[in-house]
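*Asks:* Residues per chain are reported as follows:
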Amino acid sequence: MFAWLNQIVQVSWMNLKNIPQRAGASLVIVVGIAGVVGVLTAILSMGAGFRATLGNAGFEDRAIVMRNGATSELSSGLSREQADVISGAPGIRRDANGKPIMAAELLVIADLPKASTGTLANAAVRGVQPGSFLLRPEVKITQGRMFNFGTREVIVGKQAAMQFSGLKLGSRIAFRDSDWSVVGIFEAGGSANESELWADAEVVQSTYRRNGFQSVSVALENKSALKTFKDALTADPRLQVKVSTMKQYFAAQSEVMSKLINVLGYSVGLIMAVGAIFGALNTMYAAISTRGREIATLRAIGFGAMPVLVSVLLEAELLALIGGAIGALLAYLLFNGYTAATLGSNFSQIAFDFRVTAALMGQGMVLALAIGLIGGFFPAWRATRLPVATALRAE
Amino acid sequence: MDALVSLVSIRNLVKTYQRGPEKIEVLHGIDLDIPRGDFVCLMGPSGSGKTTLLNLIGGLDSPTSGQIDFDGKRIDQMSSSKLTQWRANHIGFIFQSYNLLPMLSALKNVELPLLLTKLTAAQRRHNAEIALQLVGLKDRIKHKPSELSGGQQQRVAIARAIVSDPQLLVCDEPTGDLDRKSADEILSLLTQLNQEHGKSIIMVTHDPKAAEYAKRIVRLDKGTLVAASA
Ligand SMILES: Nc1ncnc2c1ncn2[C@@H]1O[C@H](COP(=O)(O)OP(=O)(O)O)[C@@H](O)[C@H]1O
Ligand SMILES: [Mg+2]
Chain A
1 MFAWLNQIVQ
11 VSWMNLKNIP
21 QRAGASLVIV
31 VGIAGVVGVL
41 TAILSMGAGF
51 RATLGNAGFE
61 DRAIVMRNGA
71 TSELSSGLSR
81 EQADVISGAP
91 GIRRDANGKP
101 IMAAELLVIA
111 DLPKASTGTL
121 ANAAVRGVQP
131 GSFLLRPEVK
141 ITQGRMFNFG
151 TREVIVGKQA
161 AMQFSGLKLG
171 SRIAFRDSDW
181 SVVGIFEAGG
191 SANESELWAD
201 AEVVQSTYRR
211 NGFQSVSVAL
221 ENKSALKTFK
231 DALTADPRLQ
241 VKVSTMKQYF
251 AAQSEVMSKL
261 INVLGYSVGL
271 IMAVGAIFGA
281 LNTMYAAIST
291 RGREIATLRA
301 IGFGAMPVLV
311 SVLLEAELLA
321 LIGGAIGALL
331 AYLLFNGYTA
341 ATLGSNFSQI
351 AFDFRVTAAL
361 MGQGMVLALA
371 IGLIGGFFPA
381 WRATRLPVAT
391 ALRAE
Chain B
1001 MDALVSLVSI
1011 RNLVKTYQRG
1021 PEKIEVLHGI
1031 DLDIPRGDFV
1041 CLMGPSGSGK
1051 TTLLNLIGGL
1061 DSPTSGQIDF
1071 DGKRIDQMSS
1081 SKLTQWRANH
1091 IGFIFQSYNL
1101 LPMLSALKNV
1111 ELPLLLTKLT
1121 AAQRRHNAEI
1131 ALQLVGLKDR
1141 IKHKPSELSG
1151 GQQQRVAIAR
1161 AIVSDPQLLV
1171 CDEPTGDLDR
1181 KSADEILSLL
1191 TQLNQEHGKS
1201 IIMVTHDPKA
1211 AEYAKRIVRL
1221 DKGTLVAASA
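Protein chains in written order, with the working numbering: chain A, 1 to 395; chain B, 1001 to 1230.
By construction, these hints were calculated from the structure, which means they are not laboratory data. All figures in this text were calculated on a predicted structure; none of them were measured in a lab. Note that CB positions come from ideal geometry on N, CA and C, so glycine has one too. Misleading hints may appear alongside valid ones.
What the hints assert, rightly or not - Just so you have them, the derived chain B footprint on chain A, three or more residues with Cβ under 8 Å:
#1 299-309
#2 379-392
Claimed, not checked - Here are the computed lysine-lysine pairs in the DSSO-like style, where the Cα-Cα straight-line distance is at most 27 Å:
#3 17/A with 1142/B
#4 17/A with 1118/B
#5 17/A with 1144/B
#6 17/A with 1138/B
#7 99/A with 247/A
Construct the entire structure; sequences and hints are all you get.
*Replies:* In structure tokens form, the structure reads like this:
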């Protein structure tokens, strides 16, 4: 056992020291594997970012109430009376004055020019109430000020300000034949709210000539209060509503998109990985067949077949590791924090950042090692299966 | 007494190769004894089975039937991993095409067999230097094989073959790729190893001049030993 280990160490050390002299062939493996890992990590980081953006807003101690059968806020509708009934339900957390922390909100669409192309795209405008801010303590004004209730003032989410032109602090914008001024820019902890414009719900109602709301959001006393709250609402004959935690709601919203990204990522990754495996196999076969005589000589001298096999594998794994690290690092440097926008389920733009997480990079490294293992094993196995006498004869 | 006990004793050795569906018997029942301290030359036409016989004696391959005793121990039925270890301890190989590792310096090439021993790095280096000195290449230890002439490369290979002090040197056409002068140098070196260092040697050659260096000649024809001359 010691002898074997010693042989593995010695032969591997010798092989590794000689890698620079086989730089060309080694580089092919490294670059190929770096490509696979880089692309896979980049694509999956899109999904990770998307989930994080939508998932951020979803806390388990917040609930959103929509009309039964609505698949998103835009297809929901609740009347003022229903909103009042909901505010009286048990399980809602109360503020210092004993008032329930809740907000009935509108969600409407405004056509605004995109910053990148200048073409009109859907921007989400949320009509909010004071409770909206109590519900979402992560919302912070970073520039300018809060809008005044009762006026045509908006505050603009950080991402929306970047995605659309004309949403700078102090700009005036026109939608629904009315003039609005941008008085503040806000952040919302990276959530989808950052892609929205917020204004007073009452003002939005009058501008859009609406009476009701799209949804009612509440802060729950605690996680287990959801059942109390939900049971009370579903039992009430005046309401036909469904209740979900924000977390559930956003998970459902992001499901299709993040599935799509994952399917895309894994299938592209798989195709590239298969290509890289064949590339690695090819290079390793070539590298090993040119070394067939060396391997045979080592075995004639008395080195075991196993140590030779293991050391060839170690070499392949080292190259794979280098390639994988380069790929993951490139994906991180090029894509981490890169902002993309997509059509959210409310038919409005949702911006999100690519997230090259440690887990994704780790996954990329595992893939690299797998490619190296497969690409190195078969050539090494074949080389060591050949009888020494036969291998020595081969010219 | 010792001289009477053969280092290698071969009885009724048969080797058959499988080529597709066909079985080809290459050696048809060889009997041969190599005493300690012998320098025996194996000659014969191409394809007569010289390399095959040499590989069996050197433990690079196993016979189909028959018996090979080496130093009183049977090697014909050893498993391939046992045989690998056995080769490291008992045989030094010298090939026609040298078979040096091209990436390694002369010194590192000679150190290779010592990687299989428990020697320290310093001891390995020391022993390898002594072996290189013995073959007259003390001043070339840092050179890569590509920076050495054919004769010098073969001398590095000889240093590698003797560095772990094996009993038998197995040489398959060691001068086949060399010019006359280099060939004579290599053959003198082998003679010196035989006479001064007590190495037993079995050498295949086509060259009658090379054969003159040996103590005796054994001839193989179509897989059968035909005649021995002293
Ligand atoms: N691995 C093998 N498979 C099949 N036939 C072989 C193999 N090795 C050698 N032979 C055949 O065995 C015969 C003897 O070969 P060899 O021992 O190399 O002869 P020599 O060294 O005398 O030229 C030749 O006909 C050769 O083609
Ligand atoms: Mg031959």
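*Asks:* Hint compliance check: list the failing hint numbers for this structure, sorted ascending.
*Replies:* none
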